[in-house]
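Student: Kindly generate the complete structure, drawing on both the sequences and the hints.
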Amino acid sequence: MRGAARLLDGHSAIDRLVEVDIDDAGGRLLVAGEAIPLSVLQAVPQQPGTYRRADLPRWRLTLDPAMTAAMQRLVRDDSGRGRWVDRLGLGRSAALFLAGSAALLGIIYTLPSLIAPNVPVAAERFLVRGALAELEPRICTGAGGQAALDRLAAAVGARPGDRVVVIRSAQRNAVALPGGTIVLFDELLRRLDSPDQAAGVVAHELGHVHRRHVAEAMTRQLGFQLILGAVGGASAARITDLVSLRYSRDVERQADADSRAALAHAGISPVPTARMFADWQKEELDGFGYLASHPGSGERGAAFRAAFDPGARYRPVLDRQAWDALVDICHNDPRQRELKSEWL
Amino acid sequence: MTDWAEERQAPISFDGDWRSYLPIALTNLALTIVTLGIYRAWATTRSRQYLCARTRFFGERLEWIGTARELLVANILVALLLIMLVFGNQLVIEAVDGERSAAGGALAAMTAPAFLLLYGLARFRAIRYRLSRIMWRGITGGSREAGWTYAALYAFGLTVAALTLWLIVPLVLPALWRRRWEAMQYGDWAVSVEAHHRSLWRWWLPLYSLFLLIPLGPILFVTSSGNSVGAHLPLIVLVLFSIMALFVVPPLFFARYIRAMLERMEWNNVRFGFNARTRDWVWLYLRMLLLVVGTLGIGSVMLEFMRWRFIVEHLELEGAPDLLHLGPSGLRDPRTGEGLLDALDIGAF
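These protein sequences, in sequence, are chains A and B.
Start counting the first sequence at 0; every next residue gets the next number (numbering that gives the first Met the number 0).
Start counting the second sequence at 0; every next residue gets the next number (numbering that gives the first Met the number 0).
No wet-lab data here; the hints were simulated from the structure.
Computed from a predicted model, the values in this text were never measured in an experiment.
Glycine is no exception: its CB is placed at the ideal position from the N, C-alpha and C atoms.
It is possible that part of the hints are untrue.
[Unchecked claim] Estimated spans, in silico, between C-beta atoms of each pair:
| hint | chain 1 | residue 1 | chain 2 | residue 2 | range |
| --- | --- | --- | --- | --- | --- |
| 1 | B | Thr-110 | A | Ile-13 | 47 to 57 angstroms |
| 2 | A | His-10 | B | Thr-110 | 44 to 54 angstroms |
| 3 | A | Gln-220 | B | Val-72 | 22 to 32 angstroms |
| 4 | A | Thr-140 | B | Thr-110 | 29 to 39 angstroms |
[Said to hold, decoys possible] Not the full set, but computed from the structure, chain B residues with beta-carbon under 7 angstroms of chain A:
| hint | residue |
| --- | --- |
| 5 | Val-33 |
| 6 | Thr-34 |
| 7 | Leu-35 |
| 8 | Trp-41 |
| 9 | Arg-45 |
| 10 | Gln-48 |
| 11 | Tyr-49 |
| 12 | Ala-52 |
| 13 | Arg-136 |
| 14 | Gly-137 |
| 15 | Ile-138 |
| 16 | Leu-322 |
| 17 | Leu-325 |
Tutor: Listed below in structure tokens is the structure:
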């Protein structure tokens, strides 16, 4: 089939009108007398009728519309979607990519729980030693408070080397830091009405520490960031957040179970802790369950209430005097300034 | 495809429409999600292929000849580089005993200028890469330079501008614009820029005084009346300053700056111009915002299309390129894409 075409040879910006002949049988295209094998010709994406040569990157031939249809039968159009997508089709390649992504995420998700127990605690401590040093002067030292807290922690299974401290903060929270330090915010203590509740909280955080949850979370976060951050951009960051949130809810349940076991072992009633969750539930907005990092307080309280054993003999973990000293540990320590920021 | 009768059209035009772009954008989004972002390189390439193919420059369509693979490689290389820089820096700081020691503090203080340097480099290389991949009449462009000098000037210029509380912005920005565009060429023709800062001062000085004076209002009010809001004064002033610095001054200045810069650019007998005014830009960004919010984020796939169309529709070209004296650039093309730009999330304009 013969016709006209416009040729840009890549050396000059001036195009030439040339005669072309599609030699179907010979598998070649004659352009102004020059024979070009059809195998080196490629369609230019989004520019129907325009062809390039694999061996000459700047060479462009734009065919007369009448010839385009004939050419399209010989040289396939390029959708620009990528070779795999073109070969497999959109649906099948999407399914394949999805399966591959799921497998990759699964690996990153499970590896840290295997790696974490082998990360030395000293390494964890080293990574956050700046933050730990900053924490040190903020620890409350009101008279008798630390001794009471140490006794409470020992009762619920603190091991040698574990450290539980209180700092002043308006947040109602407790955290297990990398390196095994447990920090209670004094606002939390002031909102509790029994030392047994504090025991439930400390036992929960000790669960995180002893199971190396922090190292696991840090390893996992790092893995997601390294792999997804390299190629993914913003949407990958959101995936990372969601996955690590989901992870932390499972881990919170595990730490709660550890807490109940420790309370039972120490002969401390789980009912006050159940009541604490019931109080928190009243303050919570329902419906954000999936996006929250902890399971709902209702669910957690119910589990503690169910752990109550009518046949057991429970006694308070601290006497009145020691509990008062603990609650007032920051109040009795005049050096403490308000911690305003969420520094961790 | 181009036919000869179209030469008398507008020197630059865009004939894409959202109906034909949307299927591309949506498949791009879907594939990017299921590949955890890896497909983004292909998505970008495909989108640019469309946008270029629908743009005519003096009657002839542009063509995006960049490949997805080179973008992916660039992204991975740059991610590795940035991870090494950030982690390496952190480890060294830790090793020399924290930020409070002199050596550690100095290293920590160097992080910001280092990023400024990379930022400048990214801008330069992005322009160089894009010019080398946008083909017109078999011709592409680029730069002989690698961009390090520009990056150094960029870091220096912005630091000095910051030290003068941004007063000398009309001096620094045009100088940088001129430096980066004069390093560029398309085909064997260099781009020439007459970027002038004099005309910008007329706009900048009133804006700058406004920027300083408006937050001054509450200060005077509080100090003269001894009002009880005095305790919140620093916060109020900070908020006002931020609003001015982010939402008032840049849009008012930006449109004029871009116009002033492009009006003095020339390439191969073609004089550039740009006719978007502040209200056009505001309207563009407002539409983008409404689209993204109204579609719960999915509309963001159309932003690149909207931005491209906006720029093409507001570009003004005068004269005609001399095709007889236009040859290949003779440059060695950059082998990888604009990874740094993506990693630092910046535009190339």
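Student: Take the hints in turn and mark each one as holding or not.
Tutor: Now the hints, each set against the structure:
In this structure the supplied range 47 to 57 angstroms holds for Thr-110/B paired with Ile-13/A, their Cβ-Cβ distance being about 51 angstroms. Under the hint 44 to 54 angstroms, the C-beta atoms of His-10/A and Thr-110/B, about 47 angstroms apart, fit the expected range. For Gln-220/A paired with Val-72/B, a C-beta distance near 26 angstroms keeps the hint of 22 to 32 angstroms intact. Distance hint check for Thr-140/A and Thr-110/B: the Cβ-Cβ separation is about 36 angstroms, which falls inside the suggested range of 29 to 39 angstroms.
The criterion of a C-beta within 7 angstroms of any C-beta in chain A is met by Val-33/B, whose closest approach is roughly 4 angstroms, and the hint holds. A least Cβ separation of about 5 angstroms between Thr-34/B and chain A falls short of the 7 angstroms threshold, and the interface hint therefore holds. Nearest Cβ of chain A to the Cβ of Leu-35/B: about 5 angstroms, under the 7 angstroms cut. The hint holds. The restraint placing Trp-41/B at the interface with chain A holds, with a minimum CB-CB distance near 5 angstroms, inside the 7 angstroms limit.
Taking 7 angstroms as the C-beta cut-off, the interface hint given for Arg-45/B holds, the closest approach to chain A being about 4 angstroms. The beta carbon of Gln-48/B is positioned within 7 angstroms of a beta carbon in chain A (closest approach about 5 angstroms), and the interface hint is therefore held. Nearest Cβ of chain A to the Cβ of Tyr-49/B: about 5 angstroms, under the 7 angstroms cut. The hint holds. Because the closest C-beta pair between Ala-52/B and chain A is about 4 angstroms apart, less than 7 angstroms, the hint holds.
Checking Arg-136/B against chain A: minimum C-beta separation of about 4 angstroms stays under 7 angstroms; hint holds. Interface restraint check for Gly-137/B: the shortest CB-CB distance to chain A comes to about 4 angstroms, inside 7 angstroms, so the restraint holds. At about 5 angstroms, the closest approach between the beta carbon of Ile-138/B and any beta carbon in chain A falls short of 7 angstroms, and the interface hint on this residue holds. Interface restraint check for Leu-322/B: the shortest CB-CB distance to chain A comes to about 5 angstroms, inside 7 angstroms, so the restraint holds.
Residue-level restraint check for Leu-325/B holds (minimum Cβ-Cβ distance to chain A is 4 angstroms; threshold 7 angstroms).
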